[in-house]
Amino acid sequence: MNHVSQTARVGLFFLLGLALTWVTFQTLNGGKVFRDKGYRLVAGFESLRELKKGDEVRMAGVVIGSVEETRLAGRRAEAVLHIDRTIEIKRDATASIVMAGLIGTNYIGIDLGSAGAPPLPAGAEIRTQITPDLNTIMTDLAALGNKLDHALVTLTGSLAGDGKGSVGIIQKIDLLVTENRASLARTTTNLQQVTDKLNRGEGTLGKLINDPKLYDEMIGTLGEIRRGAGEAKSFIANAQAIIDQVKMGQGALGALVFDQKAGEDFKSTIANFRAVSDKISRGEGTLGKLLQDDGLLRDAQLIMKKAQRALDGLEDSGPITAVGVVARGLF
Amino acid sequence: MKPLTAFLDGFGSTWLLLVRVVSHSGSLPRQFHRFIDQCYLIGYTTMPIVAILSFFIGSVLALQAGYSMQNFGTQQFIGSLVGLSMARELGPVMVAILVAGRVGSAITAELASMKVYQEIDALETMNISPARILVMPRLAATLVMMPVLTIIGDLVGWFGGAIVADLTEIISIEPEAYFAVLRRYTHFSDVLNGLIKAELFGFAVVLVCCNIGLNTRGGPREIGAAVTRAVVVSLILILVLDYFVTQVLMLVSS
Numbered sequence: 000m001n002h003v004s005q006t007a008r009v010g011l012f013f014l015l016g017l018a019l020t021w022v023t024f025q026t027l028n029g030g031k032v033f034r035d036k037g038y039r040l041v042a043g044f045e046s047l048r049e050l051k052k053g054d055e056v057r058m059a060g061v062v063i064g065s066v067e068e069t070r071l072a073g074r075r076a077e078a079v080l081h082i083d084r085t086i087e088i089k090r091d092a093t094a095s096i097v098m099a100g101l102i103g104t105n106y107i108g109i110d111l112g113s114a115g116a117p118p119l120p121a122g123a124e125i126r127t128q129i130t131p132d133l134n135t136i137m138t139d140l141a142a143l144g145n146k147l148d149h150a151l152v153t154l155t156g157s158l159a160g161d162g163k164g165s166v167g168i169i170q171k172i173d174l175l176v177t178e179n180r181a182s183l184a185r186t187t188t189n190l191q192q193v194t195d196k197l198n199r200g201e202g203t204l205g206k207l208i209n210d211p212k213l214y215d216e217m218i219g220t221l222g223e224i225r226r227g228a229g230e231a232k233s234f235i236a237n238a239q240a241i242i243d244q245v246k247m248g249q250g251a252l253g254a255l256v257f258d259q260k261a262g263e264d265f266k267s268t269i270a271n272f273r274a275v276s277d278k279i280s281r282g283e284g285t286l287g288k289l290l291q292d293d294g295l296l297r298d299a300q301l302i303m304k305k306a307q308r309a310l311d312g313l314e315d316s317g318p319i320t321a322v323g324v325v326a327r328g329l330f
Numbered sequence: 000m001k002p003l004t005a006f007l008d009g010f011g012s013t014w015l016l017l018v019r020v021v022s023h024s025g026s027l028p029r030q031f032h033r034f035i036d037q038c039y040l041i042g043y044t045t046m047p048i049v050a051i052l053s054f055f056i057g058s059v060l061a062l063q064a065g066y067s068m069q070n071f072g073t074q075q076f077i078g079s080l081v082g083l084s085m086a087r088e089l090g091p092v093m094v095a096i097l098v099a100g101r102v103g104s105a106i107t108a109e110l111a112s113m114k115v116y117q118e119i120d121a122l123e124t125m126n127i128s129p130a131r132i133l134v135m136p137r138l139a140a141t142l143v144m145m146p147v148l149t150i151i152g153d154l155v156g157w158f159g160g161a162i163v164a165d166l167t168e169i170i171s172i173e174p175e176a177y178f179a180v181l182r183r184y185t186h187f188s189d190v191l192n193g194l195i196k197a198e199l200f201g202f203a204v205v206l207v208c209c210n211i212g213l214n215t216r217g218g219p220r221e222i223g224a225a226v227t228r229a230v231v232v233s234l235i236l237i238l239v240l241d242y243f244v245t246q247v248l249m250l251v252s253s
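Protein chains in written order, with numbering that gives the first Met the number 0: chain Y, 0 to 330; chain D, 0 to 253.
Hints listed in this document are in silico derivations from the structure and should not be mistaken for laboratory results.
Even for Gly, the Cβ is constructed at its ideal location relative to N, Cα and C.
Check each hint, because a few of them may be wrong.
FRET-style restraints, in silico, Cβ to Cβ [as the list claims (entries may be wrong)]:
1. L140/Y <-> E168/D: 34 to 42 angstroms
2. Y66/D <-> K36/Y: 34 to 42 angstroms
3. A105/D <-> T85/Y: 46 to 54 angstroms
4. I129/Y <-> Y66/D: 34 to 42 angstroms
5. E45/Y <-> L166/D: 46 to 54 angstroms
6. M98/Y <-> L234/D: 42 to 50 angstroms
7. R57/Y <-> L7/D: 53 to 61 angstroms
Anything over 10 angstroms on all C-beta distances counts as not near chain Y; from chain D, calculated [what the hints assert, rightly or not]:
8. L16
9. V21
10. G100
11. S104
12. M125
13. N126
14. I127
15. I132
16. E168
17. E175
18. V180
19. E198
20. G217
21. V244
22. M249
23. L250
This is chain D alone, in the form it adopts within the complex (with noise of 0.2 angstroms):
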């Protein structure tokens, strides 16, 4: 009975706190200087991460999806496949795990502790409102900064892609003829389609690390079990979310 107690405390607490962040919303411009620190940490900060991590995913794409279609002699479209396939699903999903460990956590971790150390009630004491000025610049700053660490993800992974592509014998296709088989079935939809998801995953992911961080209760030792609690549950929402995210975009560009 506990872990569904507290599953739906933990499921409620973030829609409440969604509604007060939705509903401080107006302060943001007055907040200028919270939310650029906030993009310069979720954004700024994670790129290089962001790109290495997509270039390799690209490319062990292509090397994989070469291995198992040289079986069908259809190796020129590996193009078709590493686009869509980055444009889609993995850059989307992968952006949104890299936020989840380096930026959720950290989130997670400075919350909680503010928490343990009791700097959330000393705000809340001054009728400073928690979710105006500590979760609201972050996720203003999420929904601004996926889009941008999405399309580099996509477009360093496509690269990855047509280097591999090239180089590996049993693949070896040009990269102009990579390129226009990636140009000729990878639709801008598509990727408009991932930029959606990955705005969707990560605003989820911070909302729940900022929720799991403020609901931190007891001494020092709970701020790492809220870390990893706070991981967890942005991985499988991740992963939960991409299934029905997908299936309703499919839905509506049909």
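Isolated chain Y (complex conformation) (with noise of 0.2 angstroms):
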């Protein structure tokens, strides 16, 4: 091999490794060969819970920087974030540790404030947010289970009794039942009898869950209940139109009661009417001659007798005679 083409292929082989790690270089981190300056804050929170140094901040779940470092402060501790230096947080947003994952993976959520707020400069702190960890809510649980597990005990001593003279529920259900038992049983058997009887069609109840025949009188006992309850509707429709006539003053009746004029004219007959009816009895004018005196009386006996005789004497003669007949007999 020639020293040409040897020193060609070293040359390649390093161009390779220069070009590989050029693209390494981009690929990785954006093309940052360490972390971007960026600015720093300051969370404060009651606990850090498994926060550690490396891990990401996130605002809005888009990473925009790690947890640079964590100690404590006094009474409480601190992390201390890493910004990325484009972004901007704004003074009303708010900083809570965030739990990724089961197996201890934390980040720092930031949410995005409100639009019009000043950012925060660097070096300020954040406000934090307490959210309840795993810890929290299983020590809650646990309190929740012993809650529960404390009335479950309560209502089985009140079901069961404490044993120590109380007496429980079932308890007290179980001596009812034990003390009435004979007088339960009887109530049973009768209650049994009673429903026996039924099924077989014994009795009026019986029969009348049993026998089809009777359903069906019934039926049209119901039937003819509900015609003659049509009719009496109709007829109280009449009657009430009858009223109505009457109060509007329609027909003789209706006059009678609320015509003021006809009752009056009907009181002034009622009136003339004992006047006729005294003078008859007093034999005044015609008709009370006619009632009172007997000569009327007697002259009319006589004119009957005559016609008698006028007729008789009719049945003997033809038909020809009969005008000259009667006009004798009566004058």
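Quick one: dock chain against chain with the hints and give me the complex.
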């Protein structure tokens, strides 16, 4: 192999190495050798929990920096956040420790804050918010479990008694049943018999339940009752209509009852009638005389006798002379 | 007493060799052809085996991690595990071990035979420093080639992990998701960390192998013994150095 080609190969190989390094450099970490120079913020927490150096800082889910340092500062824990230079964090943004997974990965989540608020300067302290972590939730759950346990014990105690004199509900029910066993059994037997009878169709109720004919009759009766009720309704409607007419002064009765003038006429008619009947009873006038005077009656009887005679003569003679006979008999 | 003396002897002579190499470093441009020869041997010819090994290291890492991570349902983070492990630890260490086995052993064998057959003595007689023409080009070539090999190893390992994560039924992570997680949690500083480690490992391995080769005494049998010793010492050195370098880098980067 000649020397030139060997040199070329080595040179190409070296260039390949440089190119690969450049590609790796560009691909990883967005072309930054070390972490970009940004600015720092301090976040104070009651407890940093599992947060550690190097954990992510995210704003609305986007990685914007990392936790640079964790330290104790007096009565609280502080995390120093390293934020990218290009990211602006609003003064009213809130940081909280967020759990990313169950295996202890945490990150600091920062919300966007309000749009108009001024940005936080470097080194400032960001507002923080406590979010319940898994341990707190577990402790709460344990407390809840204890309460539930206690409630169940109480319930069990009231149901079964505490075994020291006080009698539980179940025991009371048990006692009640035991004491009344005989009467309960009797009641049950009676009930049994009653239902048996019903089932066999004995007695009124049984027949009612079991006999289809009775049912049909009952349905028929009900139909008749319904029809009667319908008629009664129409009767009442008619009566109503009549009463209405009377009220409106229509018809004779209506006029009589509700018309002032007709009423007075009626009253005067009655008075006249009384006067006439008085006169008649006193024998005044024709009709009175007729009724009171015997002579009139005798005259009338005489006339009737004459008429009788005339009629008898009429029967004997022919029809032509009948008129003459009648005229003679009468006059 | 003898092993301790031997250890101190080797330790001291390595440092002396380093001082001599550094004092001759100005002559590198005049030895450009030697430098290119060593680059070819150390870098170019080692690349295929680095690629194969890293591919399977990444694959098996993804497989084992997926197997153990499925217990927690955290398979989606497999990309970050493979990415960080390959970049920070396995990439540089595996490349250094390969260089020790393939390049370091060859260097020791070559220098030991030169020493045994008195070529080194001849050079010294002619007032040519072996540190200048034998050791310095090799060390320079190692310094240039180690990062290249390591970045290739890292990337091939990541792709190996991605393929296994996609194809293995118990993991079933799409390559997009795998690389998204990898990119999110692996920083270039991690890769740089690994490159620095690889540089240090390669430098130490080649220096130690050169020193052992140049200090071989006796006949041809000693050549084999020297190679064995060089590889063993290199491996131990890599892993011991790894721990301390990692500690120092963590302190520095934090």
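I'd like to know which numbered hints this structure contradicts. Please list them from smallest to largest. none
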